[in-house]
Amino acid sequence: MNLTYFVFFLFILTGTLIITYWAAKRGHTTHQFYTVAGSLTGFQNGLAIAGDYISAASFLGITGAIALQGFDGFFYSIGFLVSYLILLLIIAEPFRNLGNFTLGDVIHARFRGNSIRIMTAITTIIISILYIIPQLVAAGLLIRLLLGIDYSTSVFVIGTFMTIYVVFGGMVATSWVQIIKTVLLMSGTFLIVMIVLSRFNWNFFDLVDSVSRGTPFGEAFFYPGHLFSNPLETFSLNLTLILGTAGLPHILIRFFTVKNGPAVRKSLITATWVIGLFYMMTLVLGFGVIAFVGWETIVSIDHTGNLAAPVLAVVLGGDFLMAFISAVAFATILAVVTGLVLSATSSFSHDIYNHIIRKGKASEAEQLRIAKLTATAVGVISILFSLGLKNINVTFLVSLTFVVAASTHFPVILFTLYWRRFNKTGALTGMVSGLVSSLLLVILGPHIMNPEQGWILQDAVIPLYNPGIIAIPVGFLGAVTGTLLSEPSSDQDEVFDRVLLRSQTGLK
Amino acid sequence: MNRDMEQQILHSESFQNLLKQKKSVIIPLTIFFVSAYFLLPLAVSLAPQWINRPLFHSFTWAWGLAFFQFVMVWIIGMIYAYKSKKWDRLVQQIQHLREDK
Amino acid sequence: MEELTVTLFERIGLLLIVAFMMTRIPSFRYLLDRELNYKTIIYYSLIFGLYGMICVHVGVVITDHVMTTPLWTYQLNDNQMLVGSTLVAVVIAGLLGGPFVGLGSGMIVATYLVLLGGDFLVANSLVNPLAGLFAGFTARFFSEERVIAPAKALFIGMFTPILHMTLLLIFTEDPNKSIQIVNTIGIPLVITDSIAIAIFTAMIRVALNEKEQEAALETRRALKIAEEALPHLKQGFHFQSAMEIARLLRNELKIAAVSLTNKEMVLAHIGLGSDHHKQGEPLQTVLSFEALKTGEIKIARNPGQIHCNDPGCPLHAAIIVPIKQSGEVTGLIKLYFKRSQQIRAVEIALAQGLGKLISNQLDVVAAEKMKSLIQEAELRNLQAQINPHFLFNTLHSVATSIRSNPSLARHLVIQLGHFMRMNLKLTRTSLIQLEKELEHLRAYLEIVKVRFADQLTIDYDVEEGVREAMIPPFTLQPLVENCIQHGLKDVEHGGEIRIHINQKGNQIRIEIQDNGKGIPEHIIHKLGSQPLQSQAGNGIGIYNVNQRLINLLGESSGLHFKNLKPAGCCISFQIPEKQEQRRDVG
Numbered sequence: 001m002n003l004t005y006f007v008f009f010l011f012i013l014t015g016t017l018i019i020t021y022w023a024a025k026r027g028h029t030t031h032q033f034y035t036v037a038g039s040l041t042g043f044q045n046g047l048a049i050a051g052d053y054i055s056a057a058s059f060l061g062i063t064g065a066i067a068l069q070g071f072d073g074f075f076y077s078i079g080f081l082v083s084y085l086i087l088l089l090i091i092a093e094p095f096r097n098l099g100n101f102t103l104g105d106v107i108h109a110r111f112r113g114n115s116i117r118i119m120t121a122i123t124t125i126i127i128s129i130l131y132i133i134p135q136l137v138a139a140g141l142l143i144r145l146l147l148g149i150d151y152s153t154s155v156f157v158i159g160t161f162m163t164i165y166v167v168f169g170g171m172v173a174t175s176w177v178q179i180i181k182t183v184l185l186m187s188g189t190f191l192i193v194m195i196v197l198s199r200f201n202w203n204f205f206d207l208v209d210s211v212s213r214g215t216p217f218g219e220a221f222f223y224p225g226h227l228f229s230n231p232l233e234t235f236s237l238n239l240t241l242i243l244g245t246a247g248l249p250h251i252l253i254r255f256f257t258v259k260n261g262p263a264v265r266k267s268l269i270t271a272t273w274v275i276g277l278f279y280m281m282t283l284v285l286g287f288g289v290i291a292f293v294g295w296e297t298i299v300s301i302d303h304t305g306n307l308a309a310p311v312l313a314v315v316l317g318g319d320f321l322m323a324f325i326s327a328v329a330f331a332t333i334l335a336v337v338t339g340l341v342l343s344a345t346s347s348f349s350h351d352i353y354n355h356i357i358r359k360g361k362a363s364e365a366e367q368l369r370i371a372k373l374t375a376t377a378v379g380v381i382s383i384l385f386s387l388g389l390k391n392i393n394v395t396f397l398v399s400l401t402f403v404v405a406a407s408t409h410f411p412v413i414l415f416t417l418y419w420r421r422f423n424k425t426g427a428l429t430g431m432v433s434g435l436v437s438s439l440l441l442v443i444l445g446p447h448i449m450n451p452e453q454g455w456i457l458q459d460a461v462i463p464l465y466n467p468g469i470i471a472i473p474v475g476f477l478g479a480v481t482g483t484l485l486s487e488p489s490s491d492q493d494e495v496f497d498r499v500l501l502r503s504q505t506g507l508k
Numbered sequence: 001m002n003r004d005m006e007q008q009i010l011h012s013e014s015f016q017n018l019l020k021q022k023k024s025v026i027i028p029l030t031i032f033f034v035s036a037y038f039l040l041p042l043a044v045s046l047a048p049q050w051i052n053r054p055l056f057h058s059f060t061w062a063w064g065l066a067f068f069q070f071v072m073v074w075i076i077g078m079i080y081a082y083k084s085k086k087w088d089r090l091v092q093q094i095q096h097l098r099e100d101k
Numbered sequence: 001m002e003e004l005t006v007t008l009f010e011r012i013g014l015l016l017i018v019a020f021m022m023t024r025i026p027s028f029r030y031l032l033d034r035e036l037n038y039k040t041i042i043y044y045s046l047i048f049g050l051y052g053m054i055c056v057h058v059g060v061v062i063t064d065h066v067m068t069t070p071l072w073t074y075q076l077n078d079n080q081m082l083v084g085s086t087l088v089a090v091v092i093a094g095l096l097g098g099p100f101v102g103l104g105s106g107m108i109v110a111t112y113l114v115l116l117g118g119d120f121l122v123a124n125s126l127v128n129p130l131a132g133l134f135a136g137f138t139a140r141f142f143s144e145e146r147v148i149a150p151a152k153a154l155f156i157g158m159f160t161p162i163l164h165m166t167l168l169l170i171f172t173e174d175p176n177k178s179i180q181i182v183n184t185i186g187i188p189l190v191i192t193d194s195i196a197i198a199i200f201t202a203m204i205r206v207a208l209n210e211k212e213q214e215a216a217l218e219t220r221r222a223l224k225i226a227e228e229a230l231p232h233l234k235q236g237f238h239f240q241s242a243m244e245i246a247r248l249l250r251n252e253l254k255i256a257a258v259s260l261t262n263k264e265m266v267l268a269h270i271g272l273g274s275d276h277h278k279q280g281e282p283l284q285t286v287l288s289f290e291a292l293k294t295g296e297i298k299i300a301r302n303p304g305q306i307h308c309n310d311p312g313c314p315l316h317a318a319i320i321v322p323i324k325q326s327g328e329v330t331g332l333i334k335l336y337f338k339r340s341q342q343i344r345a346v347e348i349a350l351a352q353g354l355g356k357l358i359s360n361q362l363d364v365v366a367a368e369k370m371k372s373l374i375q376e377a378e379l380r381n382l383q384a385q386i387n388p389h390f391l392f393n394t395l396h397s398v399a400t401s402i403r404s405n406p407s408l409a410r411h412l413v414i415q416l417g418h419f420m421r422m423n424l425k426l427t428r429t430s431l432i433q434l435e436k437e438l439e440h441l442r443a444y445l446e447i448v449k450v451r452f453a454d455q456l457t458i459d460y461d462v463e464e465g466v467r468e469a470m471i472p473p474f475t476l477q478p479l480v481e482n483c484i485q486h487g488l489k490d491v492e493h494g495g496e497i498r499i500h501i502n503q504k505g506n507q508i509r510i511e512i513q514d515n516g517k518g519i520p521e522h523i524i525h526k527l528g529s530q531p532l533q534s535q536a537g538n539g540i541g542i543y544n545v546n547q548r549l550i551n552l553l554g555e556s557s558g559l560h561f562k563n564l565k566p567a568g569c570c571i572s573f574q575i576p577e578k579q580e581q582r583r584d585v586g
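Chains as they are written, first to last, in my numbering: chain C, 1 to 508; chain P, 1 to 101; chain F, 1 to 586.
Source of the hints: derived by calculation from the structure; they are not laboratory data. Among the clues, some could well be false.
What the hints assert, rightly or not - No more than 27 angstroms apart at the CA atoms, straight line, and that leaves these computed lysine-lysine pairs for BS3-like:
#, chain 1, residue 1, chain 2, residue 2
1, C, K25, C, K259
2, C, K361, C, K259
3, P, K23, C, K372
4, C, K266, P, K23
5, P, K23, C, K508
6, C, K25, C, K361
7, C, K266, P, K86
8, P, K83, C, K259
9, C, K508, P, K86
10, C, K508, C, K361
11, C, K424, P, K23
12, P, K85, C, K266
13, P, K22, C, K508
14, P, K83, C, K508
15, P, K22, C, K266
Claimed, not checked - Residues of chain P placed beyond 10 angstroms of chain C at every Cβ, according to the derived structure:
#, residue
16, E13
17, S24
18, W50
19, D100
Claimed, not checked - Derived coverage of chain P by chain C (criterion: at least 3 residues anywhere in the stretch with Cβ under 8 angstroms from a Cβ of chain C; other residues may be distant):
#, region
20, 35–46
21, 55–65
Backbone N, C-alpha and C define an ideal beta-carbon position, used for all residues, glycine too.
This is chain C alone, in the form it adopts within the complex (with noise of 0.2 angstroms):
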């Protein structure tokens, strides 16, 4: 084992572990382990949520896929950049100002009742559990490449850190560590983008050039290339790219999590700047494995494209400085699956426990104890999966949780936001009918099978890779449907008018 990588790794885990003792000594009531009680400040709320929302697959996968196919590894980024307008003009604002802790708690702000809030806890806790399976069995797999700790052993490490984060400091040390995170992606991928620049003397264009002399294909790697070939295919993933973002859960508590209207405006902007200027810098790296690695020799040693950073950093730096970026990539990792291990805790423990179960009478000590106690579950259960799946390529979760975000969670928030007819069933029937034809369609698609390595052998019956340009007009329609075909609901006016006063002004 190597002792740079493990001084690395060791601070990130000693760093973390501080910040977790230090935020379980501040929370004891549920308002602070669910959403700091709201006060972070805007800047920093904007921090956690870059730090949130930009994983492993955006660091890594990114940077590989610019490397390999130039113009079609950079589109995913502009995808992932415009979505935040959908929340910020659209969604953000009414949305906080109708919830507490939890999406089942601005749903269940329109409609009474406790089918609602199983529904939203459910679907909350399978995104979530769908997301942090393929970000820890990167995470093991890297940690295995670098440090040669066992696959098994360092899932289980991981798993067990992001628990510890969740358990005893909450939404705190989970805020705190998506922040450093955060400053340490952005420092590190700056820091490496000027090692890049200085080596072409701070001519951006020279590195341009030998990008476009150092591939077979060009000129041509400037083009979109086979991502687009099918512009259904291409339609389909924009379109759950755009929407998807205000269905992730995991993001939406962010807005909780500060005390006011204008904090969590400044929350997205400050998000969209830092994420923007991530994948600016993303691109410098894609371009800097062609000049520094080539592309062969990167396509040789992985070709996903996810070890192109860290190769880089060999290159421009030794071990030292790879070292460091696997150390932030280790970083990114633990912060978003913490955010996610949180998030589905929150959904169980408040929605499901406190509010059925235990009808809302459960005491606050009782209610932090389930919580942990949740935590520690999901945690368990997130291990035990992707121990599970080891050898299997996971990658195409992450596209499933945001067709999932898209079809089952956006379509109802946009509708309990803004339409006037909308009621309780069309809400089920939406969530439902979303989750269903994504999952489904995700089996039937290429992903699963796959004549030659799908777990299903045959010819996909769907054949998209990303199934959102039919799952999301069907979650749209399952919506609607249901609204109109059943009766609108006795107090549906006073009921709107009070939505949509609150939601707009705050007033209750």
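Model the placement of chains P and F on the given structure of chain C, informed by the hints.
The following block gives chains P and F in isolation, referenced to the frame of chain C:
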């Protein structure tokens, strides 16, 4: 807050004004950025020759549109923040309405 | 790499020794406390810049992959590189003093490095101001405490060597060489720098804590003194209470001696030198008289200034604190020390605080007493308003004269009504115009003249222009009533009461004389300074009148009693012509 007061505020000039202003800003902005966003994949799939013309250096118009969207997100963010400050004042007025009653 | 780490740790040990010594120097610790302004930023930058230069020389020189550890380096060749721990100094500077101090000290170190020469000059020097700036900003962002927690400092400290390494990779002519160097010194620097920064931060924290604890201790002591002194102060500033207070002060302050004085003599002296500094001794120290006159603290720094006659007196220095009551200096607290060096800023501040505290307590005590006096006067007067005897007797006089002398009866009734109305009106205020008090007295006298027509004559002599002066209500009437009740009690006829009011300089002199049997010798001293039970039991006592006069108008307005020859007594007092604003009591 009881139903009557709710109704009064909902139908008050301040609140209606607020809704109108918000719609007049948010809807056009949304249409704009959604169109700009989908323009890229559509153009790439359906009119590749057009979008792949060089723009500057090795970058094509596709890249141009891509970079443009980054800047667009930042600018729309700033516009929204600026307008929101005005809306915040309107919301305060509405809150005063409630306190007066 | 391991060897380098160990060597660096050893060298950093030197740095930490210097750091520790720095935290023991009081002026450095004093500096830590000061508010950050233009001057402190410069001081800090200089100090830490200097420390950074020391750090340079504590480093290790690498010449073509060979590590050497010279004691002092003057110049570096182009193939030599200094691996120093300058970041320790610069980061601490930023953490403690903020971005500007970090920048400042960083620039000093950078300049020094440039002068030294060597390989990788740009990277090695540039990292210092950048790291200082960075440390300054992040400390603000992550922590609200005055000094950041060592654990957090550890992580900020870890990041700066990484910055250093990347700068080496950026600003280089020979990337391969850079890569090699980075991989050799990277981890050692990360480990050693971050730990050194954390330890230094911990040291500073300890130093600050000590200071805070000291301050807390002093505060607690001062408060304890104030609390325990209060019951004694309530008794007033006399021999007994002064002894107790002096004892308390000496026990708490643990100084050589404490003495309390009033304006003329020593009331108490506890501690060293009590064999010749005794109670009742008149004041000798010139500085004491100055303090009494000016109301300011005076410090005696040698025996000459203490003017003690005893050559063996161990008291060589003193702090003299005046005590004020109602704005006037009433006494002194003197804190004695064996040597002048024992008087530090702490002691002086404590003395000042004590002086103020005790003065305040005395004022509070006086205010309470005043309040109770006024309440007593109100109470008595309420009784007097419906005083049965006075009323019955007056009505009796009315009844007897109503047929024989209706106009006289009418006059009596009007005056009685007037008198009682004035009783009501005057109760609320603590001072009224002399004009009004005279009206009140006249109403009373009218009635008295009628009732005791053949027993008593009243001579009333009031100068013009005295009416504006302020006097406590129920002053004149009770005094006259007292003459009638006591002095003239057994006089059947020929009794005379003379009331003189005239202006003398800026004082108004008031005299009430009677030609009765005068005041008994054994009572005349106590009159006015102690309450006396009066047999008739309805008058507002002399004591009450006297105390109110003194408290509201000052010592000089107190009552003076004199027995006259051949018979009678005279009560006299003076009030200021114009009332300067005094604190309103009650």
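Hints and how they fare:
1. K25(C) x K259(C): holds (21 angstroms)
2. K361(C) x K259(C): holds (25 angstroms)
3. K23(P) x K372(C): Between K23(P) and K372(C) the Cα gap is close to 43 angstroms, so the pair fails against 27 angstroms, i.e. violated.
4. K266(C) x K23(P): holds (21 angstroms)
5. K23(P) x K508(C): Roughly 22 angstroms separates the two Cα atoms, so the pair holds.
6. K25(C) x K361(C): holds (26 angstroms)
7. K266(C) x K86(P): holds (15 angstroms)
8. K83(P) x K259(C): Holds. K83(P) to K259(C) sits at ~20 angstroms (cutoff 27 angstroms).
9. K508(C) x K86(P): Given pair K508(C), K86(P) holds - Cα atoms ~21 angstroms apart, limit 27 angstroms.
10. K508(C) x K361(C): Given that 27 angstroms is the threshold and the Cα spacing comes to 22 angstroms, the pair holds.
11. K424(C) x K23(P): holds (26 angstroms)
12. K85(P) x K266(C): Holds - the C-alpha atoms of K266(C) and K85(P) are around 12 angstroms apart, at most 27 angstroms.
13. K22(P) x K508(C): holds (20 angstroms)
14. K83(P) x K508(C): holds (24 angstroms)
15. K22(P) x K266(C): holds (18 angstroms)
16. E13: holds (14 angstroms)
17. S24: Fine: 13 angstroms to the nearest Cβ keeps S24(P) off the interface.
18. W50: holds (12 angstroms)
19. D100: holds (13 angstroms)
20. 35–46: Result for this restraint: holds, n = 8.
21. 55–65: Our answer is that it holds, as 6 residues pass the Cβ test (under 8 angstroms) against chain C, meeting three.
Hint violations for this structure: number 3 only, all remaining hints satisfied.
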